[in-house]
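Based on these hints, arrange chains E and A on the given structure of chain U.
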Amino acid sequence: MAPDITFIVLTTITLLAAIMALQAKELIYGAISLAISFIGIAGFFVSLDAPYLAMLQIAVYVGAVVVLILFTIMLVRRDEADKVEHAEGGEGAAGLWIAGLLAVSIAGVAALAGPSLPTSPPPANLPVSQLGPVLAGSYSVPLLILALLLSAALLGALVLAKVER
Amino acid sequence: MIVVMFLTWYERKLLARIQLRIGPLYAGGPGGILQPIADGVKLIFKEVMIPYKADKPLFLSIPVALVFLGALPFAVIPFGQHWVIANLDVGLVFVFAMTSLFPSMILIFAWASNSKYPFLGGLRSLFQQVAYEIPMWISALSVVMLAGSLDLVNIVNAQQKMWFIVPGFLSFIVFFIATMAELERLPFDLPEAEPELVAGWFTESSGAVFMVIFLALYMKLYLMSSLITALFLGGWWGPAFLPQPVWFILKTLVVATFIIIPRGVYARLRVDLLIKIGWTRLLVVALAGIFVTIVLLSTGVLSVWGL
Amino acid sequence: MPTLVSYLIVSAALLGIGIYGLTVKRNAIRLLFSIELIVNAANLNFVAFTRFMNPPQVSGQVIVFYSIAAAAMEAAVGLALILVAFRLNSTIDVRKLNKLKG
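Residue numbers (this note's numbering), protein chains in the order written: chain U, 1 to 165; chain E, 1 to 307; chain A, 1 to 102.
If you are wondering where the hints come from, they were derived from the structure by calculation, not from laboratory data.
These numbers were taken from a predicted model, which means no experiment stands behind them.
A virtual CB, placed ideally from N, CA and C, is assigned to each residue, including glycine.
There may be inaccurate statements among the hints.
[Said to hold, decoys possible] In silico contact screen, one side only, chain A against chain U (beta carbon under 7 angstroms); selected entries: (1) 10; (2) 49; (3) 51.
[What the hints assert, rightly or not] Derived contacts from chain A toward chain U, CB cut-off under 8 angstroms, selection only: (4) 12; (5) 20; (6) 23; (7) 24; (8) 29; (9) 38; (10) 42; (11) 48; (12) 58; (13) 64; (14) 76; (15) 84; (16) 94.
Isolated chain U (complex conformation) (with noise of 0.2 angstroms):
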């Protein structure tokens, strides 16, 4: 199987710039990072057939998410410089054996039954136009449910934030 260059690419972007956002001693680099790894990740849903989602995970989380972390780092600046935040001693160590035995494993896990998963994919298959009728009449009573509960996170937000008087 000759490596697919283009997934090497994301794969490298995605990874690294995950890794930058949790180590970058600023957090609005560390933001702009997460950015960076979510357009990679919204490339990959490019390489895998599904462009509405693609657009969806842009516009949702790179549009409004990396907005709001970027307004509350902006709103919980400290007087001091931000520390270097990550742990003395032993808890750095311990944090990445867990990280890394857990994704180990589940790589391992992948790997191992990697034969019995199909190599191959069909043929591309979903159209956009097969993505609504389904939100729209087998999904239906989630969607609505979707609905009342973004209206109840963004209610609960704005009460959260609202500064007393």
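Chains E and A in isolation, oriented as in the chain U frame:
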């Protein structure tokens, strides 16, 4: 880019006529048409001042990213029946996704300037642009309902017999107003207002940085005008004595004219009123537009025109 | 097109990075970053499986649709909580935010 230069010249001439002046006349060539080049040369040679303690890499890279983002959606806008660069199945959503990236980049840029005035201007600009995105999406939704597809080529093709501005007139008005607010054109100009905040979120940019931002703004103007043309004004359909792309560009220029004209005519809108209008009144009108579209579609009135 | 397993490995790697962030970092906003990374890893997993299934199911994409919306909501509420916590305690270091009162 050439179009952008032309647009800046065009705008200044037009505004000047409205304001009973003559506008740029001295830069040589017929009617001062070389003015944008003169502007460009001047701006390149101006010293690029970066404010103390500003965030240098962000400050310099974001304007470039803005221009890139402004130019990217042109790939999916069709200028003629077979004149589109990349025909995505979800072309319209692509344009909107790119549009929604603008406010976040403006916020980062305003913060990177590390001084009060650009930051405040950036916040106001952010509020304004985010608020007007929603009426824009909703009124575009009524176009999608009329055309039955998110693909821009299909949307324009569906307008063969009747431009969408006729059944979707309410949506057209909402989209137009929302576009003017997104582009920060008067009467929605507060982030840029001279007596208020010097120059808004790009106060601190000078020289080449300013030129790049300026370029990005006008590119966005052209992008939005061509989007309105494709969505509402029937894209490239016109009597066959002119080739299709020419029709498209002509219609886009007409739309751009109508966007530029209010700048010289209307008074400015105060920022909190502006945001309130965006969230309450305009949203209601946009929803009414969708409602009208649904009613028209379901009662079969539009089947005369094959919709 | 790369195999399903390669997408799953990328997703597992993202998950690992997210969990590392969640366990090690003290800044509440970085915890939020990690949560978003984890959710994105799960989304990637879903979309990868949807693509490779035979016959194609659209329910995978529907799930991701909801997941994106739900994660955005949760980020909004989480950020509001962080704001409130900051206002009350002047810190967003989660090791110092360990009192239930106030």
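Now the hints, each set against the structure:
The beta carbon of residue 10(A) is positioned within 7 angstroms of a beta carbon in chain U (closest approach about 5 angstroms), and the interface hint is therefore held. The interface hint given for residue 49(A) is violated, since its Cβ lies 9 angstroms from the closest Cβ of chain U, which is over the 7 angstroms cut-off. Because the closest C-beta pair between residue 51(A) and chain U is about 4 angstroms apart, less than 7 angstroms, the hint holds. A hinted interface residue such as residue 12(A) counts as satisfied when its beta carbon comes closer than 8 angstroms to some beta carbon of chain U; here the least separation is about 4 angstroms, so the hint holds.
Because the beta carbon of residue 20(A) sits about 4 angstroms from the nearest beta carbon in chain U, less than 8 angstroms, this interface hint is met. Proximity of residue 23(A) to chain U holds as hinted, the smallest CB-CB distance being about 4 angstroms (cut-off 8 angstroms). Hint on residue 24(A) holds. Least Cβ distance to chain U is approximately 4 angstroms, under the 8 angstroms limit. The beta carbon of residue 29(A) is positioned within 8 angstroms of a beta carbon in chain U (closest approach about 6 angstroms), and the interface hint is therefore held.
For the restraint placing residue 38(A) at the interface with chain U, the shortest Cβ-Cβ distance is roughly 10 angstroms, beyond the 8 angstroms limit, so the hint is violated. Given the 8 angstroms rule on beta carbons, the hint for residue 42(A) is violated: about 11 angstroms separates it from the nearest Cβ of chain U. Against a cut-off of 8 angstroms between C-beta atoms, the interface hint on residue 48(A) holds, since the closest Cβ of chain U lies about 6 angstroms away. A least Cβ separation of about 5 angstroms between residue 58(A) and chain U falls short of the 8 angstroms threshold, and the interface hint therefore holds.
Checking residue 64(A) against chain U: minimum C-beta separation of about 6 angstroms stays under 8 angstroms; hint holds. About 5 angstroms separates the beta-carbon of residue 76(A) from the nearest beta-carbon of chain U, less than 8 angstroms, and the hint is met. The interface hint given for residue 84(A) is met, as the beta carbon of that residue sits about 5 angstroms from the closest beta carbon of chain U, less than 8 angstroms. With a cut of 8 angstroms, the hint placing residue 94(A) at the interface with chain U is violated, because the nearest CB-to-CB distance is about 10 angstroms.
The structure is inconsistent with the numbered hints 2, 9, 10, 16, although it conforms to all the rest.
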